[in-house]
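All chains, please: the whole structure from these sequences, using the hints.
In order, the protein sequence lines correspond to chains A and B. Following numbering that gives the first Met the number 0, the numbering of the first sequence begins with 0 at its first residue and continues without gaps. Following numbering that gives the first Met the number 0, the numbering of the second sequence begins with 0 at its first residue and continues without gaps.
What the hints contain is simulated information worked out from the structure, not anything from laboratory work. Careful, some of the hints might be misleading.
What the hints assert, rightly or not - Calculated lysine-lysine pairs in the DSSO-like style (CA-CA distance at most 27 Å, straight line): (1) A:K455 / B:K91; (2) A:K460 / A:K444; (3) B:K183 / B:K156; (4) A:K373 / A:K397; (5) B:K91 / B:K28; (6) B:K185 / A:K161; (7) A:K460 / B:K91; (8) A:K599 / A:K610; (9) A:K504 / A:K491; (10) A:K161 / B:K131; (11) A:K161 / B:K183; (12) A:K26 / A:K582; (13) B:K156 / A:K161; (14) A:K416 / A:K427; (15) A:K135 / B:K185; (16) A:K387 / A:K373; (17) B:K131 / A:K135; (18) B:K101 / B:K28; (19) A:K26 / A:K39; (20) A:K582 / A:K39; (21) A:K460 / B:K100; (22) A:K493 / A:K508; (23) B:K183 / A:K135; (24) A:K444 / B:K91; (25) A:K455 / A:K444; (26) A:K501 / A:K557; (27) A:K135 / B:K156; (28) A:K557 / A:K504.
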Amino acid sequence: MDEVDRIIIRSLKEIGCDIEEEIESLKQFSPELVVEAASKCIEAIQPGSRIPTSLPPSMSLRFRIGATIAQTCTDMGYTGEVGYQTFLYSNEADLRRVLMFLIERLPKDGQADKIVQEPSSRAARLRNEISATITKQLSSPWVPSFCRTDGIRWHDDGSFTKEGGRCNPYVSEPLQTGNTSHGCTPQEWREYCVQYLPLVSDQVSAANRLVPSLITLNSRGILAPRQQLAAPKAEELRKTRSDLLKSEFDKLVSSAAQQKLHSRSKLSSRFALNERLQFSSEKSPEKKKPPAAESVVEEAASESAEERQKRQEEEEELAVEKLKSENDDLRERLEQLQLDIKTMSAKLPKVLDERDLAERALKEAEAQQTVRRKVLDLLPNADTNIEKLHAMIEATTKKLVSLASQWEEHRAPLLLKYREARKLNSSKASESARQVEALRITRDKVSELTEELRNKEELYKHLQAEYAKVSKDISRSAYTRRIMEIIGNISKQKDEIEKILKDTKELHKEINTLAGRLDRSFTVADEVIFRDAKRDEVSRRAYKLLATLHSDCSELVKMVEETGANVRESRDLEDQIETERAKSVGGNLERISADLHQMKQETASLAAQLKTKSGDV
Amino acid sequence: METRLCADVLSGLKRLGNSTLVNEDLFSKLLVCGVNTITQSNSQSLNFLSLATGSSKGDVMKEAHFSLLALLVEAARMDVSSDSLQSFLESKVNWPANRCKKLTTAFNEALPHIQVSLANVGFHPPHVVDVKWSLLHNIKSSSSEHAANTIVAVNFKTEGMTNSSEDDVQFMCTLPELQDLVSKLKEALRQMERVAQMSHP
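In structure tokens form, the structure reads like this:
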């Protein structure tokens, strides 16, 4: 029975009963513990049954709780005898039966785990979230729209749902973050960033465009990290601009020429207008140049308009021709000049080099010249001067020697110092290198150790999880092994019982055959002796003795049988006594009488209270 | 988390975490200002503006500010947990622990509000927020003296149209048609309930 008790206690601990370590069998259960265990089991089987888990001091309430638990057990389908006494004055066997019934009914942990672990995949989680949100929305009451700002409804748990309200389209604007410089020097760019660049939140034209702009910028940075369009550099800009202007000018010239071939009056296009503006200034002096022509014009006022126009056109063409030729001349000259510049600038470095050479030669010549002049100055009194020079040379050599000795004096200790310092330095350097190496090794070791630590921790967690998973299985397998052993034992015992039964049967058979043989031999002996007894006195006595022997023997046999029956009966009685003792009727009786006494007291006190109350009234 | 931020943002975050470039006081201010900017409660951004333009490290600060905004928006978009955010900041951009903590607490507080400003971007079909109705009894017409039919005028007030909020849905219908509509709505409601109960059978 120990095994069963252990299983029961383990199951009770799993559902949260506070059972102390030293309690190992149901015999040690106190009534409080029994009630707690039973009510927790019922709570686990039928959530919400609300049976108190602790016993109150009042006796009547205790009985009521016991009765409720018993009623619930019978409602669940317990067929055995159960009542308040089963829990309050428990006897081991009944209690074991009830608790086993309840524990069998407990919901399996495995199923509960499965339900919790099911939504592990992302899709399932998403589905759960969707349904939770919809449930929340379905359960929340209707609220007028003016009670929400921007259509946001806040729930109690801090979440929100958007129901209508204003929404801004996704419009993003380019933001300048200060990371890329656009064609200017880093110095300039940095200064711009420090001084003038507004914050990204101030760069957008409306506050609600900030979030889309941020998202766009970030996404673009992820998708095309280095493909952002580089802004054209300043030089390129200038070049393209000049190209554009040139082409514009060419077009202008050609269209002007075309326009001139057509009528003057149709000056509609921009180019033509420009052309007129451009050439008007050049035309005006040209017109004044031939006054004779003007007079001719006045004279020929009567001439037809056509002719005049024709002449005008001719004149203009002439002027254009002239201008063109002038232009060509100028261009040629320009080209010539540019060519000259080029050749000149090619020559320039050479010329500069030549000049340098000449200047150097000049300086040398000047130095020579001064020396010569000095020598020439000294020539008139050469001897004294030579003496002087000798003296000077000697003094200089002396000075040089003294300086050298001084230098030696200074040099020796300095050299020594220098050597020492170098030695020191080299030793220091080597030491520092060693220390650096040591530091590096230590750092490596630290990182290695932290890595190892992390791994170990992970392993520990993993193993702990596994252990938690496995421990149950171990106990389960142990129990199954134990059960298998018990079954083996039982079958062995059954075999033995069968063997014994067979033996007894054989003995029975033998006894029967022996009894039969005895009967037959007795009847034969009886007959033989009876026949002789009629004639012989001895035989008559022998017959009498035989009869008494037979009756005595049968009596003996009967006595033996009776003893056997008595022994069996006494064994039965002993068993009964044992079972009765197990029920511990005496102890229970004492408890019941104590409880009865307490109840009587309670009743008496209540009656006294009632009396005083009625007396007061 | 790391793959959802571009290189500019990551470098800006590294600068923001560097205590020699951005000191502790400035970091707190940047954080408060950034959260306020995203959630569009512009109470303290003015305070910050003067601070940013006056300093010689203005460019660093502007970049850090941008990176912080981008981080908040992206983290709220992905709905990351505070633990993973903290581990990202500690391991990938090497922030000191106290800054990580500050940012995650601020982020946790502001997360619903940031998500609200994300939810306000974009467009969705108009949302019925209110309904008005009236019964019109037609007693007699020009053709018959006793015409007894009833018409219901329904006006659904909607919100969330992109152009104007005044686009209400108005229609007239007879009683059977209204019943038809109501039964359809009930059917839709039942469908929603079925979806809601799918995960709790």
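Tested hints:
1. A:K455 / B:K91: The given pair, whose Cα atoms are some 23 Å apart, holds under the 27 Å limit.
2. A:K460 / A:K444: holds, 24 Å
3. B:K183 / B:K156: holds, 19 Å
4. A:K373 / A:K397: The given pair, whose Cα atoms are some 25 Å apart, holds under the 27 Å limit.
5. B:K91 / B:K28: holds, 23 Å
6. B:K185 / A:K161: This hinted pair holds, its Cα atoms lying about 22 Å apart.
7. A:K460 / B:K91: holds, 24 Å
8. A:K599 / A:K610: holds, 16 Å
9. A:K504 / A:K491: Given pair K504 (chain A), K491 (chain A) holds - Cα atoms ~20 Å apart, limit 27 Å.
10. A:K161 / B:K131: holds, 22 Å
11. A:K161 / B:K183: holds, 24 Å
12. A:K26 / A:K582: Roughly 11 Å separates the two Cα atoms, so the pair holds.
13. B:K156 / A:K161: holds, 16 Å
14. A:K416 / A:K427: holds, 16 Å
15. A:K135 / B:K185: Holds, at roughly 18 Å.
16. A:K387 / A:K373: Since the Cα atoms of K387 (chain A) and K373 (chain A) sit roughly 15 Å apart, the hinted pair holds (cutoff 27 Å).
17. B:K131 / A:K135: holds, 25 Å
18. B:K101 / B:K28: Answer holds: K101 (chain B) to K28 (chain B) is near 12 Å, not above 27 Å.
19. A:K26 / A:K39: This hinted pair holds, its Cα atoms lying about 19 Å apart.
20. A:K582 / A:K39: holds, 25 Å
21. A:K460 / B:K100: Satisfied, since the Cα-Cα distance of roughly 25 Å is no more than 27 Å.
22. A:K493 / A:K508: Given that 27 Å is the threshold and the Cα spacing comes to 22 Å, the pair holds.
23. B:K183 / A:K135: Roughly 22 Å between the alpha carbons, so the hint for K183 (chain B) and K135 (chain A) holds.
24. A:K444 / B:K91: holds, 22 Å
25. A:K455 / A:K444: holds, 16 Å
26. A:K501 / A:K557: holds, 24 Å
27. A:K135 / B:K156: Holds. K135 (chain A) to K156 (chain B) sits at ~23 Å (cutoff 27 Å).
28. A:K557 / A:K504: Roughly 20 Å separates the two Cα atoms, so the pair holds.
Checked against the numbered hints given earlier, the structure satisfies every one of them.
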